[in-house]
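> Listed below, chain by chain, are the residues.
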Amino acid sequence: NAGVTQTPKFQVLKTGQSMTLQCAQDMNHEYMSWYRQDPGMGLRLIHYSVGAGITDQGEVPNGYNVSRSTTEDFPLRLLSAAPSQTSVYFCASKRSFYGYTFGSGTRLTVV
Amino acid sequence: AQTVTQSQPEMSVQEAETVTLSCTYDTSESDYYLFWYKQPPSRQMILVIRQEAYKQQNATENRFSVNFQKAAKSFSLKISDSQLGDAAMYFCAYANQGGSEKLVFGKGTKLTVNP
Numbered sequence: 001n002a003g004v005t006q007t008p009k010f011q012v013l014k015t016g017q018s019m020t021l022q023c024a025q026d027m028n029h030e031y032m033s034w035y036r037q038d039p040g041m042g043l044r045l046i047h048y049s050v051g052a053g054i055t056d057q058g059e060v061p062n063g064y065n066v067s068r069s070t071t072e073d074f075p076l077r078l079l080s081a082a083p084s085q086t087s088v089y090f091c092a093s094k095r096s097f098y099g100y101t102f103g104s105g106t107r108l109t110v111v
Numbered sequence: 001a002q003t004v005t006q007s008q009p010e011m012s013v014q015e016a017e018t019v020t021l022s023c024t025y026d027t028s029e030s031d032y033y034l035f036w037y038k039q040p041p042s043r044q045m046i047l048v049i050r051q052e053a054y055k056q057q058n059a060t061e062n063r064f065s066v067n068f069q070k071a072a073k074s075f076s077l078k079i080s081d082s083q084l085g086d087a088a089m090y091f092c093a094y095a096n097q098g099g100s101e102k103l104v105f106g107k108g109t110k111l112t113v114n115p
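So the sequences go chain by chain: S and P.
Oh and the first sequence: position 34 is 34 in my numbering, straight run, nothing missing.
Oh and the second sequence: position 36 is 36 in my numbering, straight run, nothing missing.
Note that these hints are calculated values from the structure, not bench results.
There's no promise every hint is true.
What the hints assert, rightly or not - For lysine-lysine, the following DSS-like pairs were computed, each having C-alpha atoms within a straight-line distance of at most 25 Å:
hint: 1; chain 1: P; residue 1: K55; chain 2: P; residue 2: K110
hint: 2; chain 1: P; residue 1: K55; chain 2: P; residue 2: K73
hint: 3; chain 1: P; residue 1: K70; chain 2: S; residue 2: K9
hint: 4; chain 1: P; residue 1: K107; chain 2: S; residue 2: K9
hint: 5; chain 1: P; residue 1: K110; chain 2: P; residue 2: K78
hint: 6; chain 1: P; residue 1: K55; chain 2: P; residue 2: K102
hint: 7; chain 1: P; residue 1: K110; chain 2: S; residue 2: K9
hint: 8; chain 1: P; residue 1: K78; chain 2: P; residue 2: K55
hint: 9; chain 1: P; residue 1: K102; chain 2: P; residue 2: K73
To be verified - Some chain S residues judged to face chain P by a derived CB distance under 7 Å, without partners named:
hint: 10; residue: Y31
hint: 11; residue: V50
hint: 12; residue: I54
hint: 13; residue: S104
hint: 14; residue: L108
Using N, Cα and C, we set each Cβ at its ideal position, and we do this for glycine too.
Only chain P is shown next, with the shape it has when bound in the complex:
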């Protein structure tokens, strides 16, 4: 079974600085998807960024980018120019390409942004 590990229960960053959240996963599959979800205090789960394993290019969405290292099974999220609104729980998630209806989540990283 696939597993996702987020080794940082909590992180903090100063406003306007850059922070990187770590995620590693375990799978024997070669084709899969990886996601980062944001959960602010409102409880809503918001998709931040997604990466297809077959793509070598790292995904980018505005201030959010990933460092996808397939061989190392690592999928870190970099947030540049951090804003107060970035404060939230961040969850890394995995889905097989063939069974992409089933997401496997890590336990999350709580990000605090200090003014």
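So here's chain S without its partners, still in its complex pose:
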């Protein structure tokens, strides 16, 4: 099993560009989430999904869109990148009542 796969691992964007961070899991997990990690801030929840077709906002959703058309995939879209979105992004998935399994992260720099 691959677990949770995130692509790309690194990305540099120019301000105003858009892009999609990909996340896929092969564990048939119903829950999936996106977090961002900033220095000294821990991880903060951006968006989450409790199943295909169902998404909701987390703590810091502004500037990001998500969709969940399949159980396996949960892409995160940056609509118009801003320097404040420079961060490390983690995708995670889980079954009920168990801890999350995290992907290896995407380091995004917006210049």
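Given chain S's structure and the hints, the job is docking chain P onto it.
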């Protein structure tokens, strides 16, 4: 809203010694989950241990154990026989039982293990 506080930004321990990392949280819920995650320099988030609030018994995973004090809203992590590979950032996290898809993290404690 729930909050998680890790009051020790950095800790250090000698190899083979024991270290305890502190975590407190604030919630009005009675049923919830608590977690400790390890993040080594590789950036991977690794689940170390989890605790269900309804369980009185403290969770243990090999050299890792917790001291869960529900009334005090405290959830400390004890690492016994510390190894060089334990050096990492450690994050305490909280999730409601009903909304367990949403983790709330503390800001982390950087653990250094000295040979």
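> With reference to the structure, classify each hint as holding or not holding.
Evaluation of the provided hints:
1. P:K55 - P:K110: 28 Å, violated
2. P:K55 - P:K73: 14 Å, holds
3. P:K70 - S:K9: With Cα atoms ~39 Å apart, P:K70 and S:K9 exceed 25 Å; violated.
4. P:K107 - S:K9: Given pair P:K107, S:K9 holds - Cα atoms ~23 Å apart, limit 25 Å.
5. P:K110 - P:K78: 14 Å, holds
6. P:K55 - P:K102: 21 Å, holds
7. P:K110 - S:K9: Given pair P:K110, S:K9 holds - Cα atoms ~23 Å apart, limit 25 Å.
8. P:K78 - P:K55: 18 Å, holds
9. P:K102 - P:K73: 19 Å, holds
10. Y31: 4 Å, holds
11. V50: 6 Å, holds
12. I54: 10 Å, violated
13. S104: With a closest approach of 6 Å, the S:S104 hint holds.
14. L108: Violated - the Cβ of S:L108 stays beyond 7 Å from chain P, reaching only about 13 Å at its closest.
This entry does not satisfy hints 1, 3, 12 and 14, going by the numbered hints stated previously.
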